[in-house]
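Participant: Residue-level listing of the chains:
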Amino acid sequence: MTNMTSPLDRRRHLTGMAFITPTMAVIIAILVYPILQSIVLSFGQSSIDGSEPYSFVGLKHYATLAGNERFWNSLWVTLVFTGLSIPLELAMGIGLAVLLNEHFRFKGIARLAVLFPWALPTALNTLMWRWMYNTDYGLFNAAALQSGIVDRPINWLGDETLAMGSMVVVAVWKTSSFMALIILAGLQSIPRELYEAGRMDGMTRWQEFREITLPLLKGPILVALIVRSMDALRTFELPFNLTDGGPVTATESLSLYAYKVIFDFIEFNYGAAIVVVQFLVIFAMSLLYILTLRNKD
Amino acid sequence: MKFTISALATAAALTALPGFAQELVLSIGSRGYGPAVERNIERYAAENPDVSIEWNKVSDVPGETRKLYVTGLTAKSPTPDIYAVDVIWAGEFAQRGWLEPLNGLLDEATIDAFNPSLLAASTVDGEVHALPLYADGIHFFYRTDLLEKYGLDVPQTWEEVLAASQTITEGEGNPQLYGFVSMWAKIEGLFMNWLAFANGNGGGFYDAEGNVAVNSPANIEATQFMVDLLHEHRITPDSILNARPDDARTLFQQGRAAFLMVQDFVHAPLSADNSPVAGKFDFTRVPYFEGHEDANSTTMGGWFLGINPNSDNKEAAADFLAHFTAQEQQLTAAVEDNRAPTIPGIYDNDAMKGNAVLAKFGKNYDYGVVRPSAGSGSKYPRVSEIMQLEITNALHRQKTVEEALNDAQAQLDALLSE
Amino acid sequence: MTKRPRFGLYALVILSVVISFLPIIWLVLTSLKTTEGIYAWPPQYLPDPFTLKNYINIFTNSPELLLYVLNSFIVALGCTVVALSFGGMAGYALSRLGMRRAGVLMVFILAVSMFPPVSLLPSLFQTFLNLGLLNTYTGLIIAHTGLFLPFTVWMLASYFATLPPEIEEAARMDGMGFFRIFWSIVIPLSWPGFVATGLIVFIFSWNEFPLALVLMTQNAMRTAPVGISLYPGEYAFPWETISTATVIAIVPILIITAIFQKQIVGGLTAGAGK
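Residue numbers (UniProt numbering), protein chains in the order written: chain C, 1 to 297; chain H, 1 to 418; chain R, 1 to 274.
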């Protein structure tokens with residue numbers, strides 16, 4: 001408050017405060033307050049209806065968490081899901097972006113096709129896929145059985161390994177487009193001269209891609225990776241609608257587990273500890289990305 | 001509909017001078033109790049013009065509805081005033097103080113008319129917390145035409161079910177035809193299924209002394225039989241592991257299974273005009289293992305109606321509740337919609353004479369077994385979760401049956417001694 | 001360029017388009033089949049007989065499925081308007097009004113948006129209940145605004161940063177106040193940014209699931225993704241109804257995406273372009 005000398009600066013400052021107040025009010029009410037409440041809840045024992053007053057229990061819930069097989073399973077499921085889907089999405093995204101960067105006819109339709117899976121609600125996308133995966137009446141098994149590839153229906157969502165694979169496919173289908181669009185914008189901002197120079201040096205198209213395109217795409221790729229990893233680490237409606245976390249707990253993500261703990265088993269404090277850990281994982285992942293990509297520069 | 005009823009009620013309330021217009025909110029699914037809900041509301045509105053009933057159609061997926069109630073009740077929401085609870089939540093909700101005790105609100109005669117073993121599910125500390133609306137249970141459906149074709153009797157034991165399935169599937173030689181289908185997805189229905197198998201072998205959730213004994217030799221044997229049906233004899237489709245009741249019903253209805261074990265509700269769609277198996281199926285009690293013909297293997301379910309303790313209109317809610325579950329309403333639901341009544345006297349009513357299906361359901365309920373929800377109270381959701389998870393582990397052969405049930409036993413011991 | 005790669009290119013394009021649309025095509029085909037056709041063996045790839053019965057049934061027997069779409073529309077529109085108004089002002093303050101610690105605030109806004117939405121539910125539910133905001137459009141609009149404001153602020157702040165500062169400086173020389181500069185100069189200049197951000201926020205809100213699941217407890221107030229997801233019954237999963245309802249619910253998004261695809265793509269890529 002010391003260097004606010006000129007009236008213009010003061011007015012600028014007041015306008016700034018006024019402009020930012022509504023946003024901060026909403027963010028504090030909808031995000032910050034519930035987050036703080038979660039953190040407080042995770043260190044205590046209480047009931048949300050107030051019949052059991054809050055008592056501080058320290059790290060008790062975190063200790064329970066550390067010894068709970070199902071928690072570790074859901075953390076593992078979340079990491080495997082993220083670890084499988086993000087690289088695939090990235091590869092598909094780069095491929096699609098390179099494709100869309102070419103010149104061809106009906107580009108509008110192609111771009112719409114890429115955009116469409118992203119624009120639809122995950123919950124409904126998932127229902128569509130669940131229907132195609134259906135063991136007895138689904139498209140995939142109908143085709144597989146009729147063509148004679150298999151003689152017994154494949155249990156896409158009922159087998160531990162396949163279910164995770166099936167879930168990853170839905171995620172990749174939906175979000176490769178998002179990656180592609182961000183990378184495409186990066187591609188389009190690369191000056192043509194660089195390629196012309198490369199061609200004069202006798203580079204092949206693959207060399208061009210590796211040595212000119214990829215390094216310049218680092219920024220957009222980083223952003224896409226962070227945004228998508230955050231989403232993948234919080235994935236909820238995908239297992240909710242596709243498998244309900246099954247078979248057994250093979251696709252039970254952290255968010256789904258937390259939801260079940262909070263609303264099925266009615267253990268708010270323990271559930272709060274899960275989401276706090278989840279937040280820390282997301283935060284650590286974001287930092288990791290930023291640090292690795294910064295170091296490589 | 002809702003609006004017309006409220007409008008009528010409001011109009012009526014305005015003309016009746018001393019009346020107070022009261023509004024009650026009722027939460028119940030739109031398909032579970034079928035057309036009876038609307039009918040009951042209309043009947044009540046006709047007799048009580050000063051009360052308007054708003055029907056909040058909650059999800060018909062019990063798990064979703066449960067979460068909805070839990071969020072509302074923990075936050076002390078005053079609505080709904082009256083709500084439907086699954087029999088397995090009744091004890092838990094009563095214990096958590098989420099259901100108003102009815103003994104002070106209704107006279108004893110009204111409460112005493114109900115089937116006492118059903119009332120037990122919602123009785124905590126000697127007080128009844130919800131009234132049973134209708135009962136259901138699992139039954140064993142079979143294809144009469146297929147049994148006839150191969151000269152087979154209706155199977156009574158699981159051994160006979162297996163033999164008949166093998167005869168039929170081998171005889172038909174159709175890879176799209178399975179022997180036995182049921183609901184083995186990781187849902188409450190799986191636990192119901194397991195109880196049917198386990199009790200059918202002289203086992204069960206509790207031993208004779210009432211201690212939890214899920215890893216008893218009889219239970220291990222019965223569970224192993226389930227695993228073998230799927231993996232060794234392969235008379236069930238792999239998709240049974242994600243089948244919910246209606247998935248199993250659909251397979252059976254499309255003529256793709258000889259035997260089906262699910263709840264009452266399938267009878268109506270199976271016998272509908274456009275059903276390929278209409279007139280070609282019948283049902284009997286849930287099978288048992290050889291030597292256990294007295295086993296109580298029909299796992300029972302059902303829905304209750306209770307009052308929210310935070311309601312602003314408990315008196316009015318109680319009046320509505322009594323009317324909704326009264327003999328007259330239940331009789332219509334029984335005759336017209338095949339809903340099993342919860343007031344024993346109704347079965348003797350003359351209007352029931354023509355309903356052979358319901359009478360047969362009722363006979364199967366003589367072999368009824370209920371889930372351990374009253375005994376475990378607020379811990380029941382976790383009890384059920386442990387059982388569903390470990391049975392699924394066994395069915396997926398992630399663990400041997402013995403390991404799975406031993407693990408379940410250990411977890412249950414720890415949970416119930418907490 | 002030679003001919004061969006062109007052929008390969010078109011093959012890849014067609015493959016991508018087919019894969020993208022496959023689930024939707026299969027869903028539309030399902031919705032045009034009879035119940036028997038859906039569960040038939042051998043499977044029906046094309047509807048035989050073709051029927052509009054499922055659509056007629058939805059309009060006559062399950063009008064709540066249409067209500068879900070209307071609810072989604074009202075909430076998404078409301079959220080978009082509020083988020084753009086609040087986020088526009090905040091973005092301008094953070095990028096142009098020389099606020100101290102603007103960078104810290106931006107990072108703070110981003111960090112709180114990383115928290116899993118599921119964790120907000122118990123607390124939000126109780127607050128909304130106490131304020132009477134459950135089952136109201138206002139309530140869900142505020143909740144969605146909170147959820148998507150961080151994105152809006154970041155998008156618009158980075159858009160404002162691309163505007164040449166000279167115009168605003170000139171306006172200030174003429175004695176214009178900050179609010180008037182924002183209202184009559186910055187907003188008109190930033191229309192493309194607002195349109196792109198608004199479209200994306202609209203889609204986000206239309207698609208949002210966990211909060212819409214918990215904050216709208218009455219059937220009549222549910223949004224399309226939640227209502228359709230919860231439509232299956234205790235015993236049944238009626239695919240003929242669910243496929244039809246899903247088709248109806250995605251048509252608005254399909255139309256919006258098709259009309260505004262340039263703006264949406266522009267917005268998505270601008271957000272990442274910095």
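Hints were generated in silico from the structure; no laboratory data involved. Computed from a predicted structure; not experimentally measured. Warning: the hint list may mix true and false statements.
Said to hold, decoys possible - Listed next, the in silico DSS-like pairs over lysine-lysine satisfying Cα-Cα at most 25 Å (straight line):
| # | chain 1 | residue 1 | chain 2 | residue 2 |
| --- | --- | --- | --- | --- |
| 1 | C | Lys-60 | H | Lys-57 |
| 2 | C | Lys-218 | R | Lys-262 |
| 3 | H | Lys-57 | H | Lys-360 |
| 4 | R | Lys-262 | C | Lys-107 |
Participant: Does each hint hold? Answer for all of them.
Facilitator: Here is how each hint holds up against the structure:
1. In summary, the hint linking Lys-60 (chain C) to Lys-57 (chain H) is not supported, as the alpha carbons are separated by about 40 Å, beyond the 25 Å threshold.
2. For the suggested pair Lys-218 (chain C) and Lys-262 (chain R), the alpha carbons sit about 24 Å apart, so the restraint of at most 25 Å is met.
3. Pair hint Lys-57 (chain H) plus Lys-360 (chain H) does not hold up; C-alpha atoms about 31 Å apart against a cutoff of 25 Å.
4. Restraint check for Lys-262 (chain R) and Lys-107 (chain C): satisfied, since their Cα atoms lie roughly 12 Å apart, inside the 25 Å limit.
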